[in-house]
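Trainee: Now for the letters of each chain:
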Amino acid sequence: MPSREVLDALKGALGCDQVLTDREDLLCYAYDATADMPRHLPEVVVTPRSTEEVVQVVQVANRFKVPIYTRGSGTNLSGGTVPTRGGIVLSTLLMDKILEIDHQNLTATVQPGVIIQDLNDAVACYGLIYPPDPGTVTTATMGGSVAECSGGLRGLKYGVTKHYVMGLEVVLADGQVLRAGGKTVKNVTAYDLVKLFTGSEGTLGIFTEITVKLVPAPEARRSMLAVFKDLSSAARTINGIIAAKVIPATLEIMDNMTIRTVENYARVGLPMDAAAVLLIEVDGIAEVVAREAEAVARVCRENGGELTEARSDADRDRLWAARRAALPALAQLRPTTVLEDATVPRSRVPDMLLALQEIAAKYNLRIGTFGHAGDGNLHPTILADERDREEMQRVHQAVDEIFRVALELGGTLSGEHGIGEAKKKYLEWELGPAGMDVLRRIKQALDPDRLLNPGKVVD
Amino acid sequence: MGIYGGLDGVREEIIKCMKCGNCLAVCPIYKENKREAASARGKVQMADAILKGEIGCTAGIADRLALCLTCRACVAACPSGVEADQVVLSARAEVVRQRGLPRAKGAIFAGLKRRKLFHAALRVGARLQRLGLARIDRDKARPRFPIGLDTRRVIAPLAAVSLRQQLPSLVGGNGAGLRVGFFTGCLINYLYTDIGQAVVQVLDHYGARVIIPPDQHCCGTPVMVHGDAATARDMARSQVNVFSAANVDVIVVACPTCGCAFKHNYPALLEGDRVYRERAQGLAAITYDITELLVDKLGMGSNPPGSGKSHTVPGTGKLRVTYHDPCHLVRSQRLKVQPREMLRAVPGVSLVEMKAPDRCCGGAGSFSLTHYDISMRIGARKAADIGATGAAVVATSCPGCRMHITDVLSRHGMAQRVVHPVQLLAEACRAGSGVGGERGTAHG
Ligand SMILES: Cc1cc2nc3c(=O)[nH]c(=O)nc-3n(C[C@H](O)[C@H](O)[C@H](O)COP(=O)(O)OP(=O)(O)OC[C@H]3O[C@@H](n4cnc5c(N)ncnc54)[C@H](O)[C@@H]3O)c2cc1C
Ligand code: SF4
Ligand code: SF4
Numbered sequence: 037m038p039s040r041e042v043l044d045a046l047k048g049a050l051g052c053d054q055v056l057t058d059r060e061d062l063l064c065y066a067y068d069a070t071a072d073m074p075r076h077l078p079e080v081v082v083t084p085r086s087t088e089e090v091v092q093v094v095q096v097a098n099r100f101k102v103p104i105y106t107r108g109s110g111t112n113l114s115g116g117t118v119p120t121r122g123g124i125v126l127s128t129l130l131m132d133k134i135l136e137i138d139h140q141n142l143t144a145t146v147q148p149g150v151i152i153q154d155l156n157d158a159v160a161c162y163g164l165i166y167p168p169d170p171g172t173v174t175t176a177t178m179g180g181s182v183a184e185c186s187g188g189l190r191g192l193k194y195g196v197t198k199h200y201v202m203g204l205e206v207v208l209a210d211g212q213v214l215r216a217g218g219k220t221v222k223n224v225t226a227y228d229l230v231k232l233f234t235g236s237e238g239t240l241g242i243f244t245e246i247t248v249k250l251v252p253a254p255e256a257r258r259s260m261l262a263v264f265k266d267l268s269s270a271a272r273t274i275n276g277i278i279a280a281k282v283i284p285a286t287l288e289i290m291d292n293m294t295i296r297t298v299e300n301y302a303r304v305g306l307p308m309d310a311a312a313v314l315l316i317e318v319d320g321i322a323e324v325v326a327r328e329a330e331a332v333a334r335v336c337r338e339n340g341g342e343l344t345e346a347r348s349d350a351d352r353d354r355l356w357a358a359r360r361a362a363l364p365a366l367a368q369l370r371p372t373t374v375l376e377d378a379t380v381p382r383s384r385v386p387d388m389l390l391a392l393q394e395i396a397a398k399y400n401l402r403i404g405t406f407g408h409a410g411d412g413n414l415h416p417t418i419l420a421d422e423r424d425r426e427e428m429q430r431v432h433q434a435v436d437e438i439f440r441v442a443l444e445l446g447g448t449l450s451g452e453h454g455i456g457e458a459k460k461k462y463l464e465w466e467l468g469p470a471g472m473d474v475l476r477r478i479k480q481a482l483d484p485d486r487l488l489n490p491g492k493v494v495d
Numbered sequence: 459m460g461i462y463g464g465l466d467g468v469r470e471e472i473i474k475c476m477k478c479g480n481c482l483a484v485c486p487i488y489k490e491n492k493r494e495a496a497s498a499r500g501k502v503q504m505a506d507a508i509l510k511g512e513i514g515c516t517a518g519i520a521d522r523l524a525l526c527l528t529c530r531a532c533v534a535a536c537p538s539g540v541e542a543d544q545v546v547l548s549a550r551a552e553v554v555r556q557r558g559l560p561r562a563k564g565a566i567f568a569g570l571k572r573r574k575l576f577h578a579a580l581r582v583g584a585r586l587q588r589l590g591l592a593r594i595d596r597d598k599a600r601p602r603f604p605i606g607l608d609t610r611r612v613i614a615p616l617a618a619v620s621l622r623q624q625l626p627s628l629v630g631g632n633g634a635g636l637r638v639g640f641f642t643g644c645l646i647n648y649l650y651t652d653i654g655q656a657v658v659q660v661l662d663h664y665g666a667r668v669i670i671p672p673d674q675h676c677c678g679t680p681v682m683v684h685g686d687a688a689t690a691r692d693m694a695r696s697q698v699n700v701f702s703a704a705n706v707d708v709i710v711v712a713c714p715t716c717g718c719a720f721k722h723n724y725p726a727l728l729e730g731d732r733v734y735r736e737r738a739q740g741l742a743a744i745t746y747d748i749t750e751l752l753v754d755k756l757g758m759g760s761n762p763p764g765s766g767k768s769h770t771v772p773g774t775g776k777l778r779v780t781y782h783d784p785c786h787l788v789r790s791q792r793l794k795v796q797p798r799e800m801l802r803a804v805p806g807v808s809l810v811e812m813k814a815p816d817r818c819c820g821g822a823g824s825f826s827l828t829h830y831d832i833s834m835r836i837g838a839r840k841a842a843d844i845g846a847t848g849a850a851v852v853a854t855s856c857p858g859c860r861m862h863i864t865d866v867l868s869r870h871g872m873a874q875r876v877v878h879p880v881q882l883l884a885e886a887c888r889a890g891s892g893v894g895g896e897r898g899t900a901h902g
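Protein chains in written order, with the numbering used here: chain A, 37 to 495; chain L, 459 to 902.
If you're looking for bench data, these hints aren't it; they were derived computationally from the structure. Virtual Cβ for every residue (Gly too), placed ideally from N, Cα, C. Be a bit skeptical, because a hint or two may be false.
Unchecked claim - What follows is a set of in silico ranges between Cβ atoms, one per label pair, in the way DEER data are often shown:
| id | chain 1 | residue 1 | chain 2 | residue 2 | range |
| --- | --- | --- | --- | --- | --- |
| 1 | A | K47 | L | I744 | 53 to 63 angstroms |
| 2 | L | E811 | A | R430 | 49 to 59 angstroms |
| 3 | L | G539 | A | W465 | 53 to 63 angstroms |
| 4 | A | K47 | L | G740 | 50 to 60 angstroms |
Claimed, not checked - Calculated from the model, a selection of chain L residues having no Cβ within reach of chain A, i.e. all distances over 12 angstroms:
| id | residue |
| --- | --- |
| 5 | G464 |
| 6 | S497 |
| 7 | A517 |
| 8 | V700 |
| 9 | R732 |
| 10 | I744 |
| 11 | V795 |
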């Protein structure tokens, strides 16, 4: 237990209502969405409502040298919010105000606890969108997604969270409040601090205000589904579309294992023997969209893809149903679902898919792979049962190998889920000793007492 | 062993949870208080911790498990197909097994912060006595089973004469039609007798014979959701006896919670009972919601009530009706189109959908009593959605939702009439075929 003094200080600062200490509550902040990760209970959970209250919590943490684990909705997949060293969990969920929508400068300023979809709903009436759309848009917070630099289905054309964060208010480990960036499109004042904090996974500071860029909603879109008999035709199609100078908003792939599972689960009409399906969506100005859709359809056909085009919203829903069913269908096969996000350059996607099939065979595991083929970000999904220790051992070996192959193919450990606790041990493979040293020095400079999310990313 | 025999019965559900948090987006309670412990994920993880011995069945666990409407919104959103409501119910039963039932009244009245309600609840007690229904009292005059109203925050005036006293035990059909056993449920029997009258009139109109077994009693859900599996099991057995003896072709209910009792809970409660298991399953297979029976089995859609006087509002010509989906109908029984089809068949009705018609109204039986504030906050969202439709009538196929929505609307100064769809249909039948007013008392 933290000393009475810590609890008293927190209660004094925030009031008793915003400080949870019952074991029953603590238990509910001991996990996040990461599979195969034991619970670690914090000693106290605080729910501040303002920047000032966050500062006060940080001051208490500083005074008593207690760690702070900042938490949004706890949907990250890398153990980023699990309080592995106890201490304080700081939940941002009560800081959920959209502070401003500036439709002249095309920006929105929000508190960190705002849910991504709520921001989208609020800007829709201005004909604007906030493009980053992780699978968890309806649950994840803006703070969590900025801290993870989340991607999503539209990454290929629209980029990821870091391309939208323009300004941040950050409470630093010593309790100072930093404001960096702002509403200007151009800003080269000194180091790019906004980029430094984006993707920092709660280890360098606590965001209390976030200003993001908005873009006009596309006026038209066209969706297509193409079924392929062999993987290499699907791969040629992916590269052919880009070569035809079309950048689709969405270019998703599902492998045979996923196709079969989806078909068994949702009966959406996919051929069970298909090697891969691509879900492609182009969006933008109507005339351009029509031309792009034509080009995509041509490339698909040239490569032997069997094409279905959506003619209506209902059609589109049907095509998307297959992709949406991917995770649920796989997840229902076995109790434990290990979702990875190793990422390779687009041209190496077919190599990665083949390697994944080999890894599945080698370790005798069921791995379904789907994901964002357009940006090389695949989600090999390993299905297992955490009660079977021997099987879990094979899962761990397979995961090691997946990362090794991704790096060999010129890729990266994480396309969008972050390092957190779960992928820390692989970090040096990618960054080498010099990279690790830089990480450590940044951490040392900003959080010398290791108060912010200790144990995550870098020690 | 089933889910009520111990947490082991839901072990697979618990292990299936991948903690993805999808349920956070839809849980009405979590939306209001943003506490992880209120979400489906939180409750499933608590159950997991109990199973693994990381925490006992503490009073704090009981309090947190109480925060569930069993609305199944989480189940519908869950990629892994986790039946979180079943986990909650099973865990509640486990808590009761280990800790005993909290002093019933204490639990019920604890949430009663408002005097007005407190008085309303007491008034019910008084009236029940006047009706000759002894309350569960220390030792004397204990009825065989508690009745559902004990655990409800009752705001509608209690019927002077209960439905089963108003109606004979056999109505209509000239000896030929489908033999329909009507399970009335407590809310319809004691409060909303108008729904019960409408059910009987409409079934009569469509040529069915309605049998109302006099020995029926509360479906047992209120006891079951509070974790008293033992009593719930006794009640299930008794109900199975009553309806097996009634010799009916089908059983009809107009309360979705009672429907779930017959369709799902009795078979689950009696799973380990060699004698009763199959009989419960047999009854489950012939149980229909009234909207389901009329639309799917009696072909009401192709044979709408006479085109007599249609409903009109002065100036508009059409009666704007919006429909609220009761959780226990739309998700537990997957009945979404039938009630709407029924409403569309009523001459003069124009159905306008509200935003998120299937979002829980916040009533959830006794939940509104024990957690009044949060229940009202959930209801406020529903009131806003109803208001935005401009409808004059809210139809909902559940007496519990009707009660809660009526309360919520009145608190927001809104005057919409709240009815069960079968009532509008009955009105149309009366207007068209001259079925005539309510039936008189024919039976004690
Ligand atoms: C089913 C599923 C699908 C997913 N799909 C995608 C996807 O398509 N793309 C993708 O990128 N991710 C995806 N994710 C991962 C996850 O949803 C995202 O990373 C999400 O943005 C996390 O948001 P959160 O609010 O849940 O953050 P949390 O999990 O609560 O926190 C994540 C990290 O951010 C830190 N943090 C939170 N708030 C703050 C703050 N205010 N200041 C500083 N640090 C903070 C935390 O300390 C932690 O390190 C998926 C997850 C699941 C379970
Ligand atoms: S949606 Fe289902 S799997 Fe996901 S956290 Fe909720 S209960 Fe668990
Ligand atoms: S059943 Fe409803 S109230 Fe209960 S956890 Fe699920 S969504 Fe929440």
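Trainee: Would you check whether the claim that A517(L) is not at the interface survives, using Cβ distances to chain A and the 12 angstroms cut-off?
Mentor: Contrary to the label, A517(L) does not stay out of reach of chain A, its closest Cβ about 9 angstroms off (not over 12 angstroms).
Trainee: Please verify that the nearest CB of chain A lies beyond 12 angstroms from V795(L)'s CB.
Mentor: Since the minimum Cβ distance to chain A is about 17 angstroms, V795(L) lies beyond 12 angstroms and the statement holds.
Trainee: Per the hint of 50 to 60 angstroms, is the separation of the Cβ atoms of K47(A) and G740(L) within bounds?
Mentor: 58 angstroms, holds
Trainee: Does the hinted range 49 to 59 angstroms hold for E811(L) and R430(A) at CB?
Mentor: 50 angstroms Cβ-Cβ, so the 49 to 59 angstroms window holds.
Trainee: Can we confirm that no CB of chain A comes within 12 angstroms of the CB of V700(L)?
Mentor: Holds, because the least Cβ-Cβ distance between V700(L) and chain A comes to about 38 angstroms, which exceeds 12 angstroms.
Trainee: Could you tell me whether the CB distance from G539(L) to W465(A) stays inside 53 to 63 angstroms?
Mentor: 36 angstroms, violated
Trainee: Would the least Cβ to Cβ distance between R732(L) and chain A come out above 12 angstroms?
Mentor: 30 angstroms, holds
Trainee: Closest CB-CB distance from S497(L) to chain A, is it above 12 angstroms?
Mentor: At roughly 8 angstroms from the nearest Cβ of chain A, S497(L) sits no farther out than 12 angstroms, so the non-interface label is violated.
Trainee: For K47(A) and I744(L), compare the CB-CB distance with the range 53 to 63 angstroms and indicate the outcome.
Mentor: 58 angstroms, holds
Trainee: Does G464(L) sit more than 12 angstroms from chain A, CB to CB?
Mentor: Fine: 18 angstroms to the nearest Cβ keeps G464(L) off the interface.
Trainee: Taking C-beta pairs only, is I744(L) more than 12 angstroms away from all of chain A?
Mentor: The claim stands: I744(L) keeps its Cβ more than 12 angstroms from every Cβ of chain A (closest is about 28 angstroms).
Checked against the numbered hints given earlier, this structure breaks hints 3, 6 and 7; the rest are met.
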